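Listed below are the residues making up each chain.
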Amino acid sequence: MTVGDETVPKKPALRRRAPTRRSVLIIDRLADWIITIGGVFVILAVFAIMAFLAQTVVPLFTGASLIGAIEGRSEAIRGHALMTKIDEYKTLAVAIGESGEVTAFHIASGKPIAAPQFDLGGTKITAFARTLSGGNVAFGFADGTVRFGEITIDVEILAPGHDMSRLETLNDHDWTDGRAIYTAIQGGQVRKSTVGLEIESPQAISPGHAIRAMDYRIGGTPERPSIAFVTVGADGVARLTRTETRKNMLTSEVTSTAQTSTLPELPADVKLAGILITEKADQIYIAEETGLVHRYDTRDLAKPTLAESISMVPEGARLTSFSFLIGEQSLVVGSSAGTVDVFFRLQRAGAATKDGYALVRAHNLEPQKFGIIAASASQRSKTFATADTAGNVWLRHSTSEQTLLKLAPKEPTKIGSLTLAPRENGVLAIADDGRYFAWDVDAPHPETTLSSIFGKVWYEGYQAPDYTWQSSSGTDSFEPKLSLVPLIFGTLKAAFYSLLFAVPIALCAAIYTSEFLHHSVRSVIKPVMEMMASLPSVVLGFIAALILAPIIETWIAAVIMAFIAVPMGLMAGAYLWQSLPSPVALRYGGTPKFILMFVAIAVFGYLCYGLGDTFEQALFAGDLKAWANGGVGTDAPFLALLLFPLAFIAAALLFERNVGKLHADWVRGLPRTQAGALSAARWIGLCLAGAAIAYAVALLMIGVGISPRGGIVNTYAQRNALVVGFAMGFAVIPIIYTIAEDALNSVPEHLRAASLACGATPWQTAISVILPTAMSGVFAAIMIGMGRAVGETMIVVMAAGNTAILDWNIFNGLRALSANIAVELPEAVKDSTLFRMLFLAALTLFVITFVINTLAELIRLRFRRRTAQL
Amino acid sequence: MTVSYLNKTVAADAGQTMTMARKRVTDLSSQGEPFLWALGGALAFGCIMIVGFLVMVLWNGLSTFYPKSIAAVTLTNGEVIAGEPSRVERYKLAPDIAEQLPPKARAMVAADDGFALRTLYRTGNFDLYGDDFRWVPEHNVAKREYPNGLYFAERVEWGVFIGRIQGFEAGGAKKEAGNFAESEMRAAHAEARDRFHRIRNIEKDEIGSINHYLNKERLGLRGIELRNGIASPEYAAANEKFNARAQELQIRYDELAAEAKALRAEDAAQRVYLADIGGREKVLPLSTIVRLYAANDIGFFQKIGVYLSRWAEFLTEEPREANTEGGVLPAIFGTFAMTVLLVVAVAPFGVITALYLREYAKQGRTVAIVRVAVNNLAGVPSIVYGVFGLGFFAYILGGRIDRLFFSENLPNPTFGTGGLLWASLTLALLTVPVVIVATEEALAAVPRSMREGSLACGASKWQTITRIVLPRAMPGIMTGIILAMARGAGEVAPLMLVGVVKLAPELPVDGFFPFIHLERSFMHLGFHIFDVGFQSRNSEAGKPMVFVTTMLLICLIAAMNLAAIVIRNRMKRKFKGSQF
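Just so you know, the sequences run in chain order A and B.
When we follow the numbering used here, the leftmost residue of the first sequence carries the number 4, and every step to the right adds one.
When we follow the numbering used here, the leftmost residue of the second sequence carries the number 45, and every step to the right adds one.
Pulled out of the complex, with its shape left as it was, chain A reads as follows (with noise of 0.2 angstroms):
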């Protein structure tokens, strides 16, 4: 290329002034601005990153909103209903009347459908019952029987080109011909939504006494269908029945049988507020006014015992509203005094129950001012909305015991009946006058608040809150563990051990480079281990996982041995150099002496192989996992393996102070192979002092209750921390390695001069002068490995189990945010709790690096500002 331009005049003197071509004036304006804007993008669109998650994840804080709100009066509503349903779509709403009518109206207008009846031969109605999901209901009688039914709403989409010019409009999109709504959707068809009904004939179960209170569910397989219901009569006798059909596979025949039982000790005169059956038909649980409530335990059904009897609610209040949230594990008490709690039930040691289990108040949520009517739970989650006697509804979620919304009429009403929309979208409550309010509501995470992702959450089934990762699972009423912590830990855990595992090696061999390798080699070894640093970690991974693993399982006795053994046959091959006369010492003591380290660790890393099986006898019982486990051995000897390196130094330091003096002067008068030969005694007298010390310590540690076992290390997993930690090692050593001794290279060479003119050798100058020097460039080095350990990925989804425990343990596993995300969201549906649960853990992830690295970075300006000044 040359060097040159051509608006530099090649004969000066023919023109003074060249005039500047257009072109390139208009080239150099563009450049300007192509460049200045490109940059500004480049910078902004590396900020959005941060911007965009955080924006991702807001969503999950906001709780909910209100959309819209309709207050309006139907015809249809005809005094107090027992039941309301309103379909998916939220267009007609059904109800029940007290007498047995069914009425459906027009949510948007008010306007009444005419619905299909029950026919129910004239009898009163005394009792009702519902189950959750569907529309299965059924009526309690006068006359002591019972009939089940089901009421829904059916959905039947008709092709596009439907005629609604005879139909009578209601709104923009819905029309109706008296008996059905006309809905246009999309891509011009119409939904036309009905009422369906289907009723049973009556099965007597007291009779001549009225039914007071009933509650029922259907449970089985589709194959073996089988109701549960539990009634209690005017008699004050509760009774249980369960009905199972059976249909035999080659004659279609269906039998059906039934057993009842009687349930002891309910008082006759007891004013019954709520009734209470699960799927299965294991527990009953049946309330009283006063907020007495008795579990029954009918897992046997001939025999059912009174398992315990607590009260729900507050001194002095009544228990007014009682019901289950999806999964029937979790009992929604309202009472008078306006509390709303959450209980289940938990097998507890020593419950003062007939069964070992016991109900325990889980979840105490906001107290509405008036007392509580109504309750109506999700079919979906554990959302449920509360309506007191003034009309205020709030929308409320169990497990993030969160107040979504508070709604409430412009005036206060008395609201008969509740019912939370199918997708959990709106909320109908109508009032006994006729009048109905539909909200519209937006709740899409309600089981997220920053104190359930961070917090101990008291979750279905868990004997207390704790911390827990679990996103998914098979069944509808699962409820979804979304606790970051365990994660976080995950991720700590492994920079932790792989930080403990790369520092002292990436640091140590980059003080070795830069101050005593000789430049040949340096000039091999740090390219080397610069290309090692873009080293893909996939490939750490796969090796770590599938190679390694189970390498350090079978020999896993023998790695541990390594990590003494290695660092002491270095030792021992430091003291025998000390022996050499010096003239061969100097003379081999640079590329030789290091080849010599190598050959150090391979024979003592050969022993260990050879060895392994002895010391698993001696410290572990023959046996390492068993004996992590806790089931054989003591704890001494590996304590004191663990002290032994304290212990070691405790002692050199006793020696120091004691005899340090006297050892130093009789020393200087030695020539230095009897020096060496003395100082390498008193290395092993120091070793085997360090060794009582710690088996000492060790026994006394024992002695006060502390153990190892349990602790840090534990049942052992064959993908667990120790492997993550070597692997990681690979990713992070070179990382660490390069910028450290980088940091020690840049220390100005006068340093190095003058402090060698003055005397010191070369390992007094690296400690005392260099070092010091480069000490924030080292640092730095450290923070942006810890950096990189953090945000490592494939490693720990190949090589860490990617179990979400919070255990230190170094023989178990772990469950990275970095892994969480890699593994997880390629599954999540875009803008659903997870997803964004997961863009949360991302930018978590993205904030202590963020911190971590402009920590690192920050030091690394003062660190150059230094030295530049040296």
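Everything labelled a hint here was simulated from the structure, so no lab data went into it.
None of the values given here were measured: they were computed from a predicted structure.
It cannot be assumed that every hint is accurate.
Claimed, not checked - Short, incomplete list of chain B residues facing chain A, as computed with Cβ under 7 angstroms: (1) Trp81; (2) Asp298; (3) Asn419; (4) Val428; (5) Ser504; (6) Trp506.
Just so you know, even glycine gets a beta-carbon here, dropped at the ideal spot from N, CA and C.
Guided by the hints, dock chain B onto chain A, whose structure is given.
Structure of chain B alone, referenced to chain A:
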């Protein structure tokens, strides 16, 4: 720490200076020998780790394709198995199992401190045995030999078959073993393979293109329906045209299907009769055998031939058997295409940003902060970029593009899901700090005097940059770009979110307009490693393949790194003399 005034080593080295020394002092602590060994030991350990790692990958990667001999092992219980010895392992026998062994075996185990050796044999014949591999403890072996006539057959389905050839059938007559020459069968095999490829060509490429055109016509029709409505005259006209075209394509399809059927019938008539070592027979169409050799009969050069042909297949064919066999061409291609796109995106933006920071922006606090931020972003975990790429590029940008340009294909996403373009852009974002930092350093290294000289001669700022600054900074910029490529090619985690799949049905480049399909998902060497090594049903069967892929990927990245170093050095030399 005491500092010795006159160090012993200095004194001894100088020899003559003894008289100057007032007193000979031995101060071993000043040498710090044990500490030096700790430092050096750490470096040595690091070197051992790295060299060990590379040697393991290279050894496994290079040796995988070399044909091994097939051992016929007679076990102590009389069973005979045949297989390639895969590896030998020393393991510890549980005491209760050791006790149940026959006395001779027990003595063997006892002599080895309770340890025993076992060999993993690749027995193949998955369809007969239900497993590909089998561990055989040494103490169970009665006899091991390497008999002639054992064939190693790689099949299109069910993996490897190891056994003998009973005969083969071509043109209607079965020929028993011994009645035909090996070359005769080889010729028939070559012919069958040709036919097999022809059938595949018809079914995949030609019928595939018919499907492609039919789908395109259908989408065109749907587009007209969306724009003009189903009742419009335009739709009726288009519908008629569509039906005519569909008819035409159907006729062509029938022709091809008939041709393929005829070929298949021909194919089924050429069969090979195989039997495993125990005599269980298996009859296969000759064309379903990819490669066949008598492992114990062939010599070194023939083995090299098999070795090379396997390498050729690996580099130029598509994968078979859930990616555990065959080639990785789509993955190589995907990695390559993604890296090229990555460079196209990252180079201009990285260089422009660096130019802005170094040449245009006012050097002050803001630029310092931006620089810290850019350095910092190099350390943001790659998975975070993946999350961003999925959320922003695929769902938001891609979703918008789909609504604007590909509405006829909705609700199936075109750009609204992961794909080659989004993967490249995500990685570009990930690697842009690398290019920025490298370019900035290179720009800073251009002497100020050169810029000033150019400006003083009357050149505009842009002219100075393009003709003076950039050429001199080019080595640094190239290094940065190549390092970015190396980093991008090795990343897997973000790609798992933005478009990499385990098996892509179509390459991102093909013969249909617009030839480059940026929206398609693709295969990637790194993800191939993850998938085969970690997610496949039989990770043992996939392991050799993973090692080869690993070696390929490492070599690719090492080559890029080396290229960066070489380019840097060459360009440095080129410009050495021209500085003033």
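Cross-check of the supplied hints:
Against a cut-off of 7 angstroms between C-beta atoms, the interface hint on Trp81 of chain B holds, since the closest Cβ of chain A lies about 4 angstroms away. The closest approach between the C-beta of Asp298 of chain B and any C-beta of chain A is roughly 33 angstroms, which is over the 7 angstroms cut-off, so the hint fails. Given the 7 angstroms rule on beta carbons, the hint for Asn419 of chain B holds: about 5 angstroms separates it from the nearest Cβ of chain A. Using the Cβ-Cβ criterion of 7 angstroms, the hint placing Val428 of chain B at the interface with chain A is satisfied: the shortest such distance is roughly 5 angstroms.
Evaluation of the Ser504 of chain B hint against chain A yields a held restraint, the C-beta minimum of about 4 angstroms falling below 7 angstroms. The beta carbon of Trp506 of chain B comes within 4 angstroms of a beta carbon in chain A, closer than 7 angstroms, and the hint placing it at the interface holds.
Consistency note: the structure conflicts with earlier hint 2 alone.
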